[in-house]
Structure formats: C-alpha cells, structure tokens
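Visitor: The lines below spell out each chain.
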Amino acid sequence: MHELSLCEDIIDQLTALTRRHGAKGVARVSVRIGALAGVEPMLLEQAFQSARIDTVAERAEFHTEWVKTRVSCLACGMDAETAPNDLRCPACGSHDTKLTRGEELTLASVELLVPEPEVDPVSLDCIPAPRGH
Amino acid sequence: MVAIEQNILAKNDGYAEQNRALLRERRIFALNLVSSPGSGKTTLLVRTIEALRSRCPVTVIEGDQQTANDAERIRATGVPALQINTGKGCHLDAHMVGAALREMKLPQQGFLFIENVGNLVCPAAFDLGEAHKVAILSVTEGEDKPLKYPDMFLAADVMLLNKCDLLPYVRFDVELAVANALRVNPTLAVFQVSAETGQGFDDWLAWLDSGLAALALTAASG
Ligand SMILES: Nc1nc2c(ncn2[C@@H]2O[C@H](COP(=O)(O)OP(=O)(O)O)[C@@H](O)[C@H]2O)c(=O)[nH]1
Ligand SMILES: [Mg+2]
Ligand SMILES: [Zn+2]
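Taken in sequence, the protein lines are chains S and D. Going by the numbering used here, the first residue of the first sequence is number 3, and it counts up by one from there. Going by the numbering used here, the first residue of the second sequence is number 367, and it counts up by one from there.
Chain S on its own, in the form it takes in the complex:
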C-alpha cells in the first residue's frame, strides 16, 4: 500500500501549484499511470479519497489514465504494444527490445479553482460612464 504515500506527494504538488497560480483549490486532477509503474489505479483513487481531506484538493475530482506498455524492437524496428509481463517483440519474438511506454507515473493535468473576481463597491462607483460615440 504505497499508494497512500504517493497521494501525499500528489497533494504536496497540488498545494504548490495552487499557491503558484493564486488559486483557491483544485477542481480536477488527472494522473497518468503506466502499466509497469507499480501502482494500482483503484488503490490510488481510494487512497486519494482519504489523503485529500483538509487539503487544497478537498473537492477535487480524481481521474486516472492507464498507459499500456509499448516496446520498440532493436532487431526488426517494430514499435508495438505488449503485455506488461512480456516485453518480447510481438512481431519477431526478439528479446532485444526497449520499453518506450508503461513506466510513467505523472501528474498529467490539473484544473484549478480560480477565485471569484472581487467586486469592490467603491471601485464600482469609479467606473467611468460609457461615453457615447
């Protein structure tokens, strides 16, 4: 269950982003999980539900995007999707492949809650009357 400690890292990054953009909080967060990143999306989502309490992500919608494994074959040049537990080239069977997708674990995108523009009654009075053309 390292998912909880990953969620603490996610919340730390969301807190920093919120502060940097002067936002009120997070509306939506999307996490990209590679099939070989060692993370179970369901467990991550459950952990997030408890980790977000009393944080900037208190009201955030949580999304995960699953990334399948892909290899590029150094023998025949094929670039193809594979099963996470079989990285041999699906075309020629070679073991000489390089994993190109499937290890990522990233915060892909975040939607921030932007503060409502403050309506200041005094400054309202100062708005110049529209000039006629």
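Just so you know, the hints here were simulated from the structure itself, not pulled from any lab data. Hints are not guaranteed to be accurate.
Unchecked claim - Here are the simulated SDA-like cross-link-like pairs (lysine to any residue), alpha carbons at most 25 Å apart as the crow flies: (1) D:377 x S:44; (2) D:454 x S:80; (3) D:454 x S:56; (4) D:514 x S:90; (5) D:514 x S:86; (6) D:514 x S:102; (7) S:100 x S:117; (8) S:100 x D:524; (9) S:100 x D:552; (10) S:100 x S:113; (11) D:454 x S:82; (12) D:514 x S:55; (13) D:377 x S:69; (14) S:100 x S:115; (15) S:100 x D:373; (16) D:514 x S:82; (17) S:100 x D:532; (18) D:377 x S:80; (19) D:454 x S:74; (20) D:514 x D:545; (21) S:26 x D:454; (22) S:26 x D:367; (23) D:471 x D:582; (24) S:100 x D:541; (25) S:70 x D:372; (26) D:514 x S:45.
Said to hold, decoys possible - Okay, the calculated beta carbon distance ranges per label pair: (27) S:97 x D:531: 45 to 53 Å; (28) S:97 x D:510: 17 to 25 Å; (29) S:24 x D:580: 27 to 35 Å; (30) S:24 x D:569: 57 to 65 Å; (31) D:468 x S:44: 32 to 40 Å; (32) D:562 x S:67: 42 to 50 Å; (33) S:79 x D:446: 44 to 52 Å; (34) D:376 x S:24: 19 to 27 Å; (35) D:443 x S:55: 40 to 48 Å.
We put the CB at the ideal spot given by N, CA and C, even for glycine.
Position chain D with the ligands relative to chain S; hints supplied.
Guide: The following block gives chain D with the ligands in isolation, referenced to the frame of chain S:
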C-alpha cells in the same frame, strides 16, 4: 486547466539522486535487495558478507516493518548494520535511506546492501539511490512470480534464484522461471544460488566484485 506532466515521484527521486551522488563520491557499490518475505534476503546477505568482509568494507541498512532481528543477524557477522522500522509502511524510500546514510559511518570504497521490506510490489517504484535492484526469488515460490509481479522484475537488474539446494524436493522448473523472468526483463542477469549451501556464490561474488571495480574506475576517471 493546467497540463503539467509532473513526475509524482519527483521528491523521492531527488533524494535518491543525492544518495547516489554521496555513494559515488565514496565509491560505494550499493544494492537494493527486494523480494517477498522469506525468500532468503537476510540469509543471503549473511553468507555474502562472510565472503566479502575480509576483502572490503561492507555496510548494511535493514528495512522491516517491525523488530531489529535482521540487523542483529547482520551485526553478528561483524559488519555495521542500521535498522529502519517502517511501521505500517510497505517500502523504504530515498529520504529514509538518506537519513540512515548520514547516521552511519560510511567507509571509503566498499559495498552497501539495503534489505528492503519483504514485498514484491511497493519497493519497485522507489529509487533509493542504489546502483542496482537485486530481486530474490526462491524455488519454493513458483516459476510464475515474474509474470505475476512484472513491475519488480523489470525494476531489477539482477535476479538471484535462491534455495536451489531444495530443487530435488520441490516441483520447480528452473528453465521456465528464468524464461519468465527474461520475458519481463530481457536484460536481467540471473544467478542460481543457495544461501544455505553456498552453491552458485562464485558467480554472484564475481559480479559484485566487477561492479565495485567498475565504480572505482569511473570514480577515478571522472
Ligand atoms: N533450504 C534453504 N533455506 C533457505 C535458503 N535461504 C534462506 N533460507 C531459509 O528461509 C527462511 C527465510 O530466510 P530469511 O533470510 O529470513 O528471508 P528474508 O525474509 O527474505 O530475509 C529461513 O528459514 C532461512 O533459513 C536457502 O538457500 N536454502
Ligand atoms: Mg530479512
Ligand atoms: Zn522485432
């Protein structure tokens, strides 16, 4: 909406790089031992240390949820060992290891073994600053473990197939186990060993020595 593509493990990976830099400067060849509980990590370590300690300093960090039993088993061989108890935590992270490295008296050149918490899942995701992860699979666990836990066997550079002394008594197809592991990680180095009898240790020890020698070379040239 902000598209960011930020690595979630960035903080851990930052600490891991600090650890790696410290270890490189000290010319310490660091290995992170990962496996299910009971595969024989501590027994393997004890035998490995007994073979290495007369030639070269060895230091050990032990990770377990509870007890200092494993650190005591290591200290009985005469080398320093620091125990980290992770409580409910299921893995070591680079920050814990960094704190342990600062607390220990590190030698100039030698081996550091980090025995991770027994768990074939979580430790895969955490870089500790090691040179290599070493996965231990014992012959009582079944040939299909690499297929069931590919993340770990991919993260590792070496697999020790342990308890080979038990092969006459258990149904375990070594060739199939190795083929499964290579399906998951085509560049995995595999050694068949027994921590009980010392079978296969010559190759494993030679691999360790060449890793240390390579590190000394790069440190000398860089
Ligand atoms: N027969 C046999 N038993 C082993 C071997 N290696 C470890 N064991 C036994 O397996 C059990 C668990 O070993 P331990 O080193 O504590 O495993 P760890 O949990 O991975 O650290 C102990 O009873 C060891 O004596 C081996 O190579 N052969
Ligand atoms: Mg142990
Ligand atoms: Zn191919």
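Visitor: All hints are to be evaluated individually against the structure, with a verdict given for each.
Guide: So, going through the hints one by one against the coordinates:
1. For the given pair, residue 377 of chain D sits about 23 Å from residue 44 of chain S by alpha-carbon distance, which is consistent with the 25 Å threshold.
2. The suggested pairing of residue 454 of chain D with residue 80 of chain S is violated, with an alpha-carbon distance near 44 Å, which exceeds 25 Å.
3. Using a Cα cut-off of 25 Å, the hinted pair residue 454 of chain D and residue 56 of chain S holds, with the two alpha carbons roughly 23 Å apart.
4. With a CA separation close to 16 Å, the supplied pair residue 514 of chain D and residue 90 of chain S stays within the 25 Å bound.
5. For the hint linking residue 514 of chain D to residue 86 of chain S, the alpha-carbon distance of about 10 Å falls within 25 Å, and the restraint holds.
6. About 21 Å separates the Cα atoms of residue 514 of chain D and residue 102 of chain S, which keeps this hinted pair within 25 Å; it holds.
7. Simply put, residue 100 of chain S and residue 117 of chain S have alpha-carbon atoms about 46 Å apart, too far for the 25 Å limit, and the pair is violated.
8. Proposed proximity of residue 100 of chain S and residue 524 of chain D is supported: the alpha carbons are some 17 Å apart, at most 25 Å.
9. With a CA separation close to 9 Å, the supplied pair residue 100 of chain S and residue 552 of chain D stays within the 25 Å bound.
10. Using a Cα cut-off of 25 Å, the hinted pair residue 100 of chain S and residue 113 of chain S is violated, with the two alpha carbons roughly 34 Å apart.
11. Proposed proximity of residue 454 of chain D and residue 82 of chain S is contradicted: the alpha carbons are some 39 Å apart, above 25 Å.
12. Of the supplied pair hints, the one linking residue 514 of chain D and residue 55 of chain S is violated, its CA atoms being roughly 34 Å apart against a limit of 25 Å.
13. Our distance criterion of 25 Å between C-alpha atoms is met by residue 377 of chain D and residue 69 of chain S, whose separation comes to about 22 Å.
14. Annotation: proposed proximity of residue 100 of chain S to residue 115 of chain S is violated, straight-line Cα distance about 40 Å (limit 25 Å).
15. A C-alpha spacing of about 21 Å is found between residue 100 of chain S and residue 373 of chain D, which places the hinted pair at or below 25 Å, so the restraint holds.
16. Distance hint between residue 514 of chain D and residue 82 of chain S is fulfilled; the C-alpha atoms sit about 22 Å from each other, no more than 25 Å.
17. Restraint check for residue 100 of chain S and residue 532 of chain D: not satisfied, since their Cα atoms lie roughly 35 Å apart, outside the 25 Å limit.
18. Restraint check for residue 377 of chain D and residue 80 of chain S: the C-alpha separation of about 35 Å exceeds 25 Å, so the hint is violated.
19. This hinted pair does not check out: residue 454 of chain D and residue 74 of chain S have alpha carbons roughly 39 Å apart, beyond 25 Å.
20. Distance check on the hinted pair: residue 514 of chain D and residue 545 of chain D sit about 14 Å apart at the alpha-carbon level, within 25 Å; holds.
21. Only pairs whose Cα atoms come within 25 Å are accepted, and residue 26 of chain S paired with residue 454 of chain D is rejected, the gap being roughly 33 Å.
22. Using a Cα cut-off of 25 Å, the hinted pair residue 26 of chain S and residue 367 of chain D holds, with the two alpha carbons roughly 14 Å apart.
23. For a cut-off of 25 Å, the pair hint linking residue 471 of chain D to residue 582 of chain D stands: about 19 Å separates their Cα positions.
24. Under the criterion of a C-alpha separation no larger than 25 Å, the hint pairing residue 100 of chain S with residue 541 of chain D is consistent with the structure, at around 23 Å.
25. For the given pair, residue 70 of chain S sits about 19 Å from residue 372 of chain D by alpha-carbon distance, which is consistent with the 25 Å threshold.
26. Annotation: proposed proximity of residue 514 of chain D to residue 45 of chain S holds, straight-line Cα distance about 18 Å (limit 25 Å).
27. The beta-carbon spacing between residue 97 of chain S and residue 531 of chain D, approximately 29 Å, falls outside the hinted interval of 45 to 53 Å.
28. For the pair residue 97 of chain S and residue 510 of chain D, the beta carbons lie near 19 Å from each other, so the given range of 17 to 25 Å is met.
29. For the pair residue 24 of chain S and residue 580 of chain D, the beta carbons lie near 50 Å from each other, so the given range of 27 to 35 Å is not met.
30. Between residue 24 of chain S and residue 569 of chain D the beta carbons are some 59 Å apart, a value that agrees with the proposed interval 57 to 65 Å.
31. Restraint check, residue 468 of chain D to residue 44 of chain S: a C-beta distance of roughly 37 Å satisfies the suggested window 32 to 40 Å.
32. Range check, residue 562 of chain D to residue 67 of chain S: Cβ separation about 46 Å, and the 42 to 50 Å hint holds.
33. Restraint check, residue 79 of chain S to residue 446 of chain D: a C-beta distance of roughly 50 Å satisfies the suggested window 44 to 52 Å.
34. A hinted range of 19 to 27 Å for the beta carbons of residue 376 of chain D and residue 24 of chain S is consistent with their spacing of about 22 Å.
35. The given range of 40 to 48 Å is respected by residue 443 of chain D and residue 55 of chain S, whose C-beta atoms sit roughly 46 Å from each other.
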